[in-house]
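Chemist: Chain residues, written in single-letter form:
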Amino acid sequence: MSKRVLEVENLTTEFHVEAGIARAVDGISFHLEEGETLGIVGESGSGKSVTSLSLMRLVPCPPGVILPSSKIRINGQDILKKSAREMQKIRGSEIAMIFQDPMTALNPVFTIGSQLGEVLKRHQNLDNNASRKRGIELLDLVGIPDPTQRIDNYPHQLSGGMRQRAMIAMALSCNPKILIADEPTTALDVTIQAQILELISKLQKEIGMATILITHDLAVVAEVCDRVAVMYCGRIVEESNVFDLFEKPQHPYTRGLISSIPRIEDAGADRSELYAIPGMVPDIHALPDGCRFADRCFQVEDKCRTEDTQLADTGDGRRVSCLFPLGQGAQTA
Amino acid sequence: MSAPLLEVKNLKTHFKVPGETFFSASRYVKAVDGISFSVDKGDTFGLIGESGCGKTTLGRTILALEQRTEGDALFEGRSIFSLSSKELRKMRRDVQVIFQDPFSSLDPRMTVRQILEEPFDIHRLLPNSAERAQEIHKLIDVVGLPKAHLERYPHQFSGGQRQRVGIARALALKPKLIVCDEPVSALDVSIQAQILNLLQDLQKDFDLTYLFIAHDFSVVRHLCNKVAVMYLGRIVEIAETDTLFENPQHPYTEALLSAVPVPDPSVEKKRKRILLTGDVPSPLNPPPGCHFHPRCRYAVDACKIDTPALAETAPGHRAACPELPFKNDPSAAALVEIR
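Sequence lines, in order, name chains A and E.
So for the first sequence, this note's numbering puts the first residue at 1; every next one is plus one.
So for the second sequence, this note's numbering puts the first residue at 1; every next one is plus one.
Incorrect hints may have been included.
Said to hold, decoys possible - With a cut-off of at most 16 Å between alpha-carbon atoms, the simulated EDC-like pairs for lysine to aspartate or glutamate come out as follows:
# : chain 1 : residue 1 : chain 2 : residue 2
1 : E       : Lys-270   : A       : Glu-198
2 : E       : Lys-269   : A       : Glu-94
3 : E       : Lys-272   : A       : Glu-198
4 : E       : Lys-269   : A       : Asp-226
5 : E       : Lys-269   : A       : Glu-247
6 : E       : Lys-269   : A       : Glu-36
7 : E       : Lys-204   : A       : Glu-94
8 : A       : Lys-177   : A       : Glu-94
9 : E       : Lys-270   : A       : Asp-226
It should be emphasised that the hints constitute simulated quantities derived from the structure, not laboratory data.
Looking at chain A on its own, in the form it has when it is part of the complex:
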């Protein structure tokens, strides 16, 4: 059994807004092992991005609050107990993050080099010359052509794919143990997406860091992840290794998601109807009692509407939160 680099227990993040308390993340627990890639999948509003911000302790406060019953342990240390100053040291060196939109995540009025240098100077105490040299090395590592020129460029002078590479260089600059990638390829074209995913998995092997990939795209998950947690309305509804998840999903929501993707490899001759999950995600201020997926579920029973579900072990390291999990038989839709 390999080492757990990250353990999250009962993480609950709330936003206290005018309309009431919105519990964006509701008591989720998961862990991350050394060197593995965990996918967190969910639709918009499922709480996946708030989860990642909570892990970095970057939830804007107010209105956001991480409840004190939550625990986030990085290498055994609870980061929720750290002071803001200690947290600054942990960010970057222990845990780093890349964001969906590199144009808004980079500062438009500073060059790539000065933004990279800021990280290196702060965390590794390098001087100007050394940080510039290391910056060029990093840009080269992430495959930016002509790094000696590019380091003096401003973000707008780079293409989308290159900006994302620069972001990755920045995240990797202090050799973090954990990398959180929040929708790293959503804003990119498929050919560039393929390049970036390839780069992340290559660097992961070289540096040996653990990665959390947050995405809504199940195809990307199938490509790069080892283990997957599916989120719905702030909770994890299913957790499994990637092969079993796609082959024998146990939660009706997971199965619905998988069957609603149009398949490129299918002969489209009949162009039959796609399976579509009826209805839509409930309002976060008016969540239903019982299972939150009940109103959209094809096998809902009365019990589902009153009884709350818990994430329960189903063997093989899989967990599912459903009163009537889908069987092990030939149940792929």
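Chain E: place on chain A using the hints.
Modeler: Coordinates of chain E only, in the frame set by chain A:
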């Protein structure tokens, strides 16, 4: 065989941009650069390409929302660029559009009812208010929204519901052709499936023809019966959907198809893929000859000079690559690459 519903002939849309300095000559972005294709009645014609390839500009030019530079587009045999403004307005009843972003394409200050009434006002149809109300009820029902939603404003809806309103508006005047510009790319998967099914049902019920602009290959494969692949303002390959996906004849199509991840880990983890190097070049300064040659793994010297024309490789299948790499080198079809 009857005449096609829409025929595009060597269409060009160039945008003038200022030169680098005050005195240097102005430059042109050739967003659409000599495109020809035709769409038959009842087709779902997919137009696919990466960002900046000109697919949206092409759609907008066909809708006469952009000035064409050269070439022609014929709707039911008549050039849309030679129509008087009165005739153009009439044509717009037959050609409607669904936009990508349901957040910015609906007026936030109008209720759904007002949004759906507007087309009837503009075209002075159904002046009788009872008839009009009935028609609007029918429309909202067809796209699967409850009648109570007619009095709501766009911000009260989710993305999927807004897109349904956008579809209802496009259907109001019973068009023949609908240009769908990335109608599902802003939506979540489960909602995307609902909208794709709705588009398919409507096509059957109302006898519609779609020009479907997208960047998502799996959506195009699911929905379209013909596809054209665009790269930097030109069509590089055009064929029936299944033919194109199973037997791509242009290196760009081949690479694109191999870059699309498949939602099946047992396939995905073993698959070899062709990784294209570099980015799409700037459309201001595209490479000479074949625009794709700097990223192409089959490129030879001639590719840097000659601009390849679309040539038939099989009946109904045309590709703009004279090297025809897959024909000359059967082993090339097996994807031997990185990974």
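Chemist: Given the hinted pair Lys-269 (chain E) and Glu-94 (chain A), is their Cα-Cα distance within 16 Å?
Modeler: violated (28 Å)
Chemist: Hint check: Lys-204 (chain E) vs Glu-94 (chain A), CA-CA at most 16 Å. Holds or violated?
Modeler: Since the Cα atoms of Lys-204 (chain E) and Glu-94 (chain A) sit roughly 56 Å apart, the hinted pair is violated (cutoff 16 Å).
Chemist: Measure nothing beyond the straight line between the CA atoms of Lys-270 (chain E) and Asp-226 (chain A); if it is 16 Å or shorter, mark the hint as holding.
Modeler: Cα-Cα ~14 Å, so holds.
Chemist: Taking 16 Å as the top limit, are the C-alpha atoms of Lys-269 (chain E) and Asp-226 (chain A) close enough?
Modeler: Cα-Cα ~10 Å, so holds.
Chemist: Tell me if the straight-line CA distance from Lys-269 (chain E) to Glu-36 (chain A) falls inside 16 Å.
Modeler: holds (15 Å)
Chemist: Measure nothing beyond the straight line between the CA atoms of Lys-270 (chain E) and Glu-198 (chain A); if it is 16 Å or shorter, mark the hint as holding.
Modeler: holds (14 Å)
Chemist: Checking one constraint from the list: CA of Lys-177 (chain A) to CA of Glu-94 (chain A), max 16 Å. Satisfied?
Modeler: holds (5 Å)
Chemist: Need the status of pair Lys-272 (chain E), Glu-198 (chain A): alpha-carbon distance at most 16 Å?
Modeler: holds (12 Å)
Chemist: Is it true that the CA of Lys-269 (chain E) sits at most 16 Å from the CA of Glu-247 (chain A)?
Modeler: Status holds; Cα separation ~14 Å.
Consistency with the previously given hints fails for numbers 2 and 7, ordered from lowest to highest.
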